[in-house]
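Enquirer: So the chains spell out like this:
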Amino acid sequence: MKKTLLLSSVGSALTGLLLLGQVATAGDLKVGIMVPTTGSEATYGKDMENAINLAAAEINKAGGVLGMNIVTMTGDAACDPQQATAAASKLVSAEVTAVVGGYCSGATMPTMKIYGDANIPMVIPAANSTKLIDINQGNAFQINSTGFDQVKTAVGLFKAKGINKLAIIHQGDGYSEDLAKLTRESWTGMGKEVVAYEVVNKGEQDQSALVTRIKSKAPDAVFWTAYYADGSMVIKQLRQGGYRNLIAVGDGSNSPKLLEIAGKAAEGVYCFSNPTVEYLPAAKDFHKNYKATYKQDPDAYAALSYDGMKLMVDAITRAGSTDKKAIIKALAETKDFTGIAGPITFTDKNTLARSNFVILVAEGGKWVLNK
Amino acid sequence: MSIQDILLQQLANGLILGSFYALVALGYTMVYGIIKLLNFAHGDLYMLGSFVGFVILSILSPYIGNSWAGILCSMVLSMIAVGLFGVLIQRIAYVPMLSAPRLSILITALAVSMVLYNGVMAFTDGQYLAFKTDLGFEGLEFGNVFITYTQMILVGASIILMIVLYLFVHKTLYGKAMRAIAIDQDACRLMGINVNKIIALTFFIGTSLAAAAGIMAGTYYGSIHFFMGFVIGLKAFTAAVIGGIGSIPGAMLGGLLLGLLESFGTQIPFIGTEWKDVFSFGILILLLVFKPTGILGKTEIERM
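If you read the sequences in order, they're chains Z and X.
Position 57 (the first sequence) corresponds to 57 in our numbering; numbering is contiguous.
Position 262 (the second sequence) corresponds to 262 in our numbering; numbering is contiguous.
Calculated pairs, SDA-like style, for lysine to any residue (alpha carbon to alpha carbon, straight line, at most 25 Å):
no., chain 1, residue 1, chain 2, residue 2
1, Z, Lys-202, Z, Asn-254
2, X, Lys-132, Z, Glu-260
3, Z, Lys-202, X, Phe-227
4, Z, Lys-202, X, Leu-234
5, Z, Lys-257, X, Gly-126
6, Z, Lys-165, X, Ile-3
7, Z, Lys-181, X, Ile-268
8, Z, Lys-202, X, Val-231
9, Z, Lys-202, X, Ser-280
10, Z, Lys-366, X, Ser-58
11, Z, Lys-202, X, Trp-275
Pairwise CB distance ranges, derived in the manner of DEER restraints:
no., chain 1, residue 1, chain 2, residue 2, range
12, X, Ile-92, Z, Lys-113, 57 to 63 Å
13, X, Gly-282, Z, Lys-131, 38 to 44 Å
14, X, Asp-184, Z, Gly-174, 54 to 60 Å
15, X, Phe-281, Z, Lys-161, 38 to 44 Å
16, Z, Ala-353, X, Phe-137, 38 to 44 Å
17, X, Ile-268, Z, Lys-165, 18 to 24 Å
Just so you know, the hints here were simulated from the structure itself, not pulled from any lab data.
Built from N, CA and C at the ideal position, the CB exists for glycine as well.
Chain Z on its own, in the form it takes in the complex (with noise of 0.2 Å):
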């Protein structure tokens, strides 16, 4: 590989040069990865370490970065702060370049003030509060979407189906009603109507009540932001009770058992999603090398997680060299990055300059990509 590389050009060949003299000195790139692997959210975080590990392995085989090959050193954040914090203190006293990480929101905010103290580069590819901006020191960079962008893909969704008057039902919960929320703030801020804003008791069976005051407001769409267990009996006696327009479902609905319970009803409703491996056409070949590697299918931020990692590498490259700052600087710069689960382009915040929420409907009894 690197002897393709030296021949290919003068000025590449010249650059190898120049690599393969830092493998010599420089030795490994240590890169960082905090996730909760144990604990109640360790699956996830495994699912994260894997994709980490896979990303890296394919960069090393590929030639390293700058010449350099990638060591990875986890750090257990086990979604509680303290133990994270213990964990990136660690990470940093072993003088890693940088980290790729962050699943739980409270157990990253506090990483976050020691990577940022000691300006290592980070790329968080789950965590998604919204509080999570305000303590960043300009190191970190979010590269999944917040409730925010739900609201905008669900908006653009509505607006795109030609919808005028919305109803939306939320269960009082701080996710659920949050989402509602801002959707309500959002489609009334477009001049357009809210006709029914509705709290349903959680666990409650029987929502015939609830279905006819929704019919009776004879809205475009229905809303639902909260979760599957309830949201598909909303759906299906909505069904029942005659009501034949749009429905749409928060993220808190992805389930296949939402479809399950529903049954017949449940065709055609609509459901915004985190960019999971599976709806994601790019990520073909990223899952059959996670499965052939790890023997399981990947988990809901696989590839988010590899997209970190790859977009991490991308930036120490074009930094061209090892330091924080440059890297940083490259990270912040970067623009259109192709990453499996769509471009990535930051904000000023660094956030995510697009909603990466995909828009799934379902079909025959299968959650399948809209279009």
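Please build the complex by placing chain X on the supplied structure of chain Z, with the hints as guidance.
Expert: Then chain X, alone, in the frame of chain Z:
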């Protein structure tokens, strides 16, 4: 939809919901009528009924399908199985407590409830299960009021069950014995009535009605989980109190009234569907304060 249509649709909704409440309330009221026990495990027997029905339906469906034939078979089998289980609970948990203070047996009932739902939770990992049936959404439209065939059949089935129960209690010797025990157990023993057998029979009938309601709910709502009996248990208790606990026609009336109250309650301007439970339990409190005997109840209730 005009306001008239909306009210008519809510009337239909209320009757459908109310017939579920009535079926479950019947078990409450029968058990209370005969041994003065508020069987707080009753809602969990409703839940158990739907799970047993789910298992039976999954076994039977390859042979007779997921439609009405399969649902009916699994309903009958589940009613028998869960009814017998109700008798077993009564023998193990309640019979030894019959001579103990009333509060002890009430606490026993709460314990039985916890054992049941935690047991089902352990078996199912706390997951929601999809109760799969082949029922469509076709129905009849009366003006703007839409009622599916499924809803009609389910309401019809609960009305039939209630009529059968009424005839059983009022036209058979067993029914007469039940009514007699409710009035005076000792006198019944002196008359040669096998009191324990009749109490067991009451448990069987009450529990199997809850199981029937559980399967109907599974069929209608499409999903079942271990905690589904909790809310309906409370609602059925409310329905039984509204009608007058201990009275069988009272439970039917109370169930329907509660269903209607909830449906129409959500139609009050400026009040959302989240206030539904406030109506039911507000009524419960008002009734317990001002008319604890309920609409059709006769005897004074000892408040707990």
